[in-house]
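Numbering (the UniProt record's numbering), first residue to last: 1 to 167.
There could be a bad hint or two in this list.
To be verified - No more than 35 angstroms apart at the CA atoms, straight line, and that leaves these computed lysine-lysine pairs for DSBU-like: (1) Lys-13 - Lys-47; (2) Lys-59 - Lys-3; (3) Lys-133 - Lys-13; (4) Lys-133 - Lys-59; (5) Lys-47 - Lys-59.
Unchecked claim - The calculated label-pair distances, taken between Cβ atoms and stated as ranges, are: (6) Gln-69 - Lys-133: 18 to 26 angstroms; (7) Asp-46 - Thr-147: 35 to 43 angstroms; (8) Glu-86 - Trp-150: 39 to 47 angstroms; (9) Gly-68 - Ser-12: 37 to 45 angstroms; (10) Leu-131 - Ser-12: 52 to 60 angstroms.
Just so you know, these hints were derived from the structure itself, not from any lab.
No residue lacks a Cβ here, since even glycine has one placed at the ideal position from N, Cα and C.
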Amino acid sequence: MAKAQEDHAHYSKARRGDAPVYEVGDMVWLSSENIVTQRPSRKLSDKWLGPFAVSQTYKRACALELDGQFNGIFPVFHHSLLRPVEQPRTQAQVEINKDSQDDQKGLIIVPDDRGHLQRKWVFIRVTDSFLDKKEGFQYRIEWQDGTTSWQPARNLQGCHWIIHEFH
Numbered sequence: 001m002a003k004a005q006e007d008h009a010h011y012s013k014a015r016r017g018d019a020p021v022y023e024v025g026d027m028v029w030l031s032s033e034n035i036v037t038q039r040p041s042r043k044l045s046d047k048w049l050g051p052f053a054v055s056q057t058y059k060r061a062c063a064l065e066l067d068g069q070f071n072g073i074f075p076v077f078h079h080s081l082l083r084p085v086e087q088p089r090t091q092a093q094v095e096i097n098k099d100s101q102d103d104q105k106g107l108i109i110v111p112d113d114r115g116h117l118q119r120k121w122v123f124i125r126v127t128d129s130f131l132d133k134k135e136g137f138q139y140r141i142e143w144q145d146g147t148t149s150w151q152p153a154r155n156l157q158g159c160h161w162i163i164h165e166f167h
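The whole structure should be built from the sequences, with the hints applied where relevant.
Pasting the structure below:
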C-alpha cells in the first residue's frame, strides 16, 4: 500500500508545475474561457482579457481589480487562468501592440474613490452618431488632440452624461 501511495505521489507531482508567484500590484492577463463577452462570436473573442492588477494573493488564486464591464463577476481566479504580462521583445511586437491600442485611444486608467483602478475615456465631445445594425450605436468622438474617431457605445461606459448631453 505504501509503495502505491509513493508511486501515485511521484507521478502526480511530475505532471504538476509550480504556479507562478504573483505579488500585489503585478499586472496579469485573464483567460476568457469562462467569461461571456459582448463579441458576436466566441471564436472571434480575445483569448486573454486585461491586463488587470493583482489586488490580493492566495495560495493558488489571485484577486484582480476588474473594471466596470465585469460587474457581477467574482474577482478571484485560479492561477491556471492567469498569465503574467510580459514586455514586448522586438520592435515588430511593439508596432503590433501600438496598432491594436489605436482603438483604445483616449482610454486612461485612473484610481477611483476606493483606490481601485478604473478605465476612463478622455475626450472633448461627441460630434456625431449613427445606428449600426450589428454593433448598435456608434459615436464620433473629438479627442483632446483635435482628431476624431468612431467608437461603439460599449466603449463609452461611464460617460453617459456626455452622451445624454449630445442627444
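Structure-based check of each hint:
1. Using a Cα cut-off of 35 angstroms, the hinted pair Lys-13 and Lys-47 holds, with the two alpha carbons roughly 28 angstroms apart.
2. Among the hinted pairs, Lys-59 with Lys-3 is consistent with the structure: their alpha-carbon atoms are about 29 angstroms apart, no more than 35 angstroms.
3. For a cut-off of 35 angstroms, the pair hint linking Lys-133 to Lys-13 is broken: about 53 angstroms separates their Cα positions.
4. Between the alpha carbons of Lys-133 and Lys-59 the distance comes to roughly 46 angstroms, so the proposed pair goes past 35 angstroms and is violated.
5. This hinted pair checks out: Lys-47 and Lys-59 have alpha carbons roughly 25 angstroms apart, not beyond 35 angstroms.
6. Separated by about 22 angstroms at the C-beta atoms, Gln-69 and Lys-133 satisfy the suggested range of 18 to 26 angstroms.
7. The hint said 35 to 43 angstroms for the Cβ distance between Asp-46 and Thr-147, and at roughly 25 angstroms that hint is violated.
8. Separation of Glu-86 from Trp-150 is about 31 angstroms and departs from the stated range, judged on CB atoms against 39 to 47 angstroms.
9. For Gly-68 and Ser-12, the Cβ-Cβ distance of about 41 angstroms falls inside the hinted range of 37 to 45 angstroms, so the restraint holds.
10. At roughly 56 angstroms, the beta-carbon separation of Leu-131 and Ser-12 lies within the given 52 to 60 angstroms, and the hint holds.
Checked against the numbered hints given earlier, this structure breaks hints 3, 4, 7, 8; the rest are met.
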